Amino acid sequence: MFRVGGTVTVMDPTQATREVFWNIEYTWLVYVLMVPTLAVFGWGFWLKVRRWRSGQPALRFDRPGERLQLFLRNAVGQGRTIKRRYAGVFHSLVYTGFIVLFLATTVVAIHHDTPLHIMKGHFYLIFQSLIVDIFGLFVLVGVALAAIRRWISKPKLLVYTDEASWILITIFVMALTGFMIEGWRIAVTDDPWAAWSPIGNLFALGSDPWMTDTAMQRGHVIIWWFHLVVAFGWIAWVPFSKMSHVFTAPLNIFTANLDGYGGSLKTIDFETAERFGINHLGDFTWKDLLDFDACTECGRCTDVCPANTVGKSLSPRDIILDLQGLMHKRGDELLGSRAGNGNGDGGNGSDELLPIIDQKTAVSPEALFACTTCAACMEACPVHIEQMPKIVDARRYLVMEEADFPEGMMDMMNSLESRQHPFAGTQFSRVDWTEGLDIDVMAEMDDPHEAEVLMWVGCGGALVERNRNTVRATAKLLKKAGVKFAILGREESCTGDPARRVGNEFLFEMLAKGNVETMQRYGVRKVVTSCPHCFNSFRNEYPHFGGSYEVYHHTQFLDELLEQGRLDGNGAGGRSNGSSTITFHDPCYLGRHNGEYDAPRNLLAQVGGARQVEMERSRNTSFCCGGGGGMAFVDEPPDQRVNQERAQEAVDTGADVVAVGCPFCATMLDDGVNARRGERDVQVRDVAELLWDAVGESEEAAP
Amino acid sequence: MRVLVCLKQILDPDVPARDFQIDPEARAAKRGGANLVTNIFCENAVETALQFREAAGGDVKITALCYGESSAEDCLRKAMAMTVDEACLVERDGNTNPDAAAVGRVLAAAIRRLEQDGGPFDAVLVGRESGDWGVGQTGGVLAEELGRPALGFVESLQPGNGSVTLRRQTDVGIEVAEAEPPFLVTITNNEDNVPRIPKTRDVMMSYRKPLQKLGLADLELDSEEVRAGSSIFEVEEIFIPADEVECELAEGDTLDERVDQLAKRIHEVVASIG
Ligand code: SF4
Ligand code: SF4
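Line by line, the protein sequences give chains A and B.
Mapping the first sequence onto my numbering, position 233 (from 1) lands on 233, and the numbers just tick up by one.
Take any residue in the second sequence, note its place counting from 1, add 1000, and you have its number in my numbering.
These are calculated hints, taken from the structure and not from any lab test.
Computed from a predicted structure; not experimentally measured.
Mixed in with the good hints, there may be bad ones.
[What the hints assert, rightly or not] Cut-off 30 Å, straight-line C-alpha distance, at most; resulting in silico cross-link-like pairs (DSS-like, lysine-lysine): (1) A/Lys-526 to A/Lys-479; (2) B/Lys-1030 to B/Lys-1264; (3) A/Lys-329 to A/Lys-312; (4) A/Lys-513 to A/Lys-266; (5) A/Lys-154 to A/Lys-83; (6) A/Lys-312 to A/Lys-360; (7) B/Lys-1061 to B/Lys-1199; (8) B/Lys-1199 to A/Lys-312; (9) B/Lys-1030 to A/Lys-513; (10) A/Lys-513 to B/Lys-1209; (11) A/Lys-156 to A/Lys-329; (12) B/Lys-1264 to B/Lys-1061; (13) A/Lys-266 to A/Lys-329; (14) A/Lys-513 to B/Lys-1061; (15) A/Lys-83 to A/Lys-312; (16) A/Lys-312 to A/Lys-266; (17) B/Lys-1213 to A/Lys-360; (18) A/Lys-513 to B/Lys-1199; (19) B/Lys-1213 to B/Lys-1061; (20) A/Lys-266 to B/Lys-1213.
[As the list claims (entries may be wrong)] Computed Cβ-Cβ distance ranges for the label pairs, DEER-style: (21) B/Asp-1117 to A/Lys-360: 23 to 33 Å; (22) B/Pro-1024 to A/Asp-652: 55 to 65 Å; (23) A/Arg-521 to B/Glu-1175: 32 to 42 Å; (24) B/Pro-1024 to A/Gly-609: 53 to 63 Å; (25) B/Ala-1017 to A/Glu-452: 52 to 62 Å; (26) B/Asn-1095 to A/Arg-521: 29 to 39 Å; (27) A/Asp-639 to B/Glu-1248: 34 to 44 Å; (28) A/Thr-267 to B/Asp-1074: 20 to 30 Å; (29) A/Asp-639 to B/Val-1270: 42 to 52 Å; (30) B/Ala-1017 to A/Asp-639: 29 to 39 Å; (31) A/Glu-366 to B/Pro-1182: 38 to 48 Å; (32) B/Glu-1246 to A/Ala-675: 31 to 41 Å; (33) A/Gly-425 to B/Val-1176: 40 to 50 Å.
[To be verified] Looking from chain B toward chain A, a few residues come up when the C-beta cut is under 7 Å (computed): (34) Pro-1016; (35) Arg-1018; (36) Asp-1019; (37) Ile-1197.
Every residue, glycine too, gets a C-beta built ideally from N, C-alpha and C.
Produce the entire structure from the sequences given, and follow the hints as far as they go.
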């Protein structure tokens, strides 16, 4: 279909093309303007790279294959960005639009500036005209959607800066003026291929009735140069605005931590470290500094943060952005402040420079000590920024250099130091729970190697009344399945997880080394534990201290036994315990930190007659019980309790049993559910307890 | 200025009830699974001394002294991690539970020895009592041995002009006293002298601070009497009181009946105890 009134000529699509620089004189000016544009662009990024390079070393270019996969999935494929529907849609529109428009510009450049005249024929019609027009429209629509969100619906998670608004405006103007000049060129030249550029043609058709050719031709020149100046200005601006994420985000994803959140804390070499923990930008690694520059201000991290959700001052987004701001403001000092934090090579000491912990910013001690280390922020971040390890780095500084931390954590650490468990004032010893069960203790065995598995009880299992039934159930199930296992009894010490999360790396290291030594003495190779925190330490952290074991969470181990047919309901199938609906609360350190979501659910399927329902936030988006990161030992203000927020969600599913797989979750949710269940009878029970009820010996099955 | 703080290592008073065992032969508590910790009032004393030094603006040297087994080194290290300057351990040899008179004599001899080497101690701080036996005599006996004036239940020391201002807790309120060194005080706890958690750097440094070890022979105290460790009293018997609970429910169909029944039983029980 050709425009009415156009000259009808014989059309050969293989010859289709258009004139580059139609109607434009002084085209050399384009190249002249391009020089400062690219210079500023390059300079801006060079400044960034230089800043990152002043950070401490970090190994983030190893395993290129895995990195490439991650890059393809979450950078190119936008795997995480699209998890939020609205933002995912508009970002995809703009993102794909930009890629296509960039390709189109490259095609023009090749066509015009090299002997390869590729912009013709079907390729010109289908790609350079039709597809480019469609994706140009994507950009317009995407930006409009983003604008509606930013200016009209205004969700809490965004940061409302002028910069962000101007970014939307410039992109919109670029796309719009692009269509204007295309439209006027089509109209004035009576482009026979107009139909292949539907949006541009729309502009042509819209202008034709009321504009003369001369007016359009003049307008075309003006808008063409305007478009060019805006585009070049925008390019030069990119490295200095959050648009730099176009480049920093993919780089950040490529260099992301591949080892899971559970292994994301750094070790400290106490022999050589000049400072413990971080209170100076110069003590961060280059990857940490890159993180600050990669932030897109999307706010998803803060949106999912349990501490923030219940109204505490912690906001991972603002921590990243405040540190980014500090880095930009004090960049040169940063370059001069390279100092040792144990993995660097020493420097000129920067104690007065760049303190990052500051009561007046988002990096306040109060905010830092509200973090449960749940890693929800890291899981939500579309560009793989590592917020939680930075929070722990700063805590380390407060704890080890300043001895400054909340009171509850102080008692916990005192207890860890003198009693090797965090539960000051417990009524129980580490072996009380074994009463009547006849369980082997390694130290009392003739040959401890006979035990194939070490059952690691954990402080939370042995010393907290509420959880002793869980470890009893686990032990009874292991016995029923004929597993040869033993415990360390009094020789068990805390794995050190609470110390490490709070920031007392020194204490953690002491405890870890002590445990590794004990376990070495008994030749331990396989460990099963009902505490996800112990599980995580053994799996991801003890290898640094010479302790490598085959580690199972009790739900994983029991799931294997079930699969092997070593556990079943004596042929009767799983008995009912009277509950009709069970909902499982994923512990952060089992799920997000270590990727196990299915084992506990498989076990719950054994509970006769009960149906499983999921909470809205489950599996990798599970919402913390509030007990991680040493927070189980801190008294939260009554109106800011993470456990109650979670308990409410569990209660709202209508389940009469909230299943847990962690002693901390158990106590936190017990408290929370009791506060929120109202008149209903809702119980919090460990998966092992439920499984024992379902398949254990019936005479012992009653709780 | 020199300040001395005396420390005692004791069985963890927070030991779970079931883990607390007694050796009737030795007439003492058994170590069992319990941990060893610094007596809390002694830690309050360390904290009080540190705060005194901070208020005085430095130039106060703090020494920690302990009479105990070699494991008590941990208590002294911890005190040094809290930034006490130096420590001395007099290793015990003999009775594991010497009484206050014996301990006072040993500590006095050690103090004299330390003073010979490093000059007199202006203030000696002792915890008000220990969390194991709770006799609360050591401070007094030690003051007597040293021939110093002493004040008990002090909660803070403030530097004054050539003297020290002491706040002490009494039954009727706080008493403020001026003291001219040398003196001895026993320290009690208040909300301000909660022992600090050491900084990690100081924990590491504590291993480089001087810890002197002395034996009873070094102090010329090698007598049977001191080693036996009991000169003013002897423990005759030690046991864990059995607390038996008998539970009885007041019965009756209505609340009134149950209340009547309850009142009646209370009368009977009281009468039976006489
Ligand atoms: S780890 Fe959890 S609590 Fe900590 S900042 Fe991230 S989301 Fe918030
Ligand atoms: S850190 Fe990540 S999730 Fe948080 S605002 Fe920045 S880009 Fe978004």
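**Q.** Structure versus earlier hints, numbers of those that do not hold, lowest first
**A.** Violated hints: 2, 12, 14, 17, 20, 21, 23, 25 and 33; rest satisfied.
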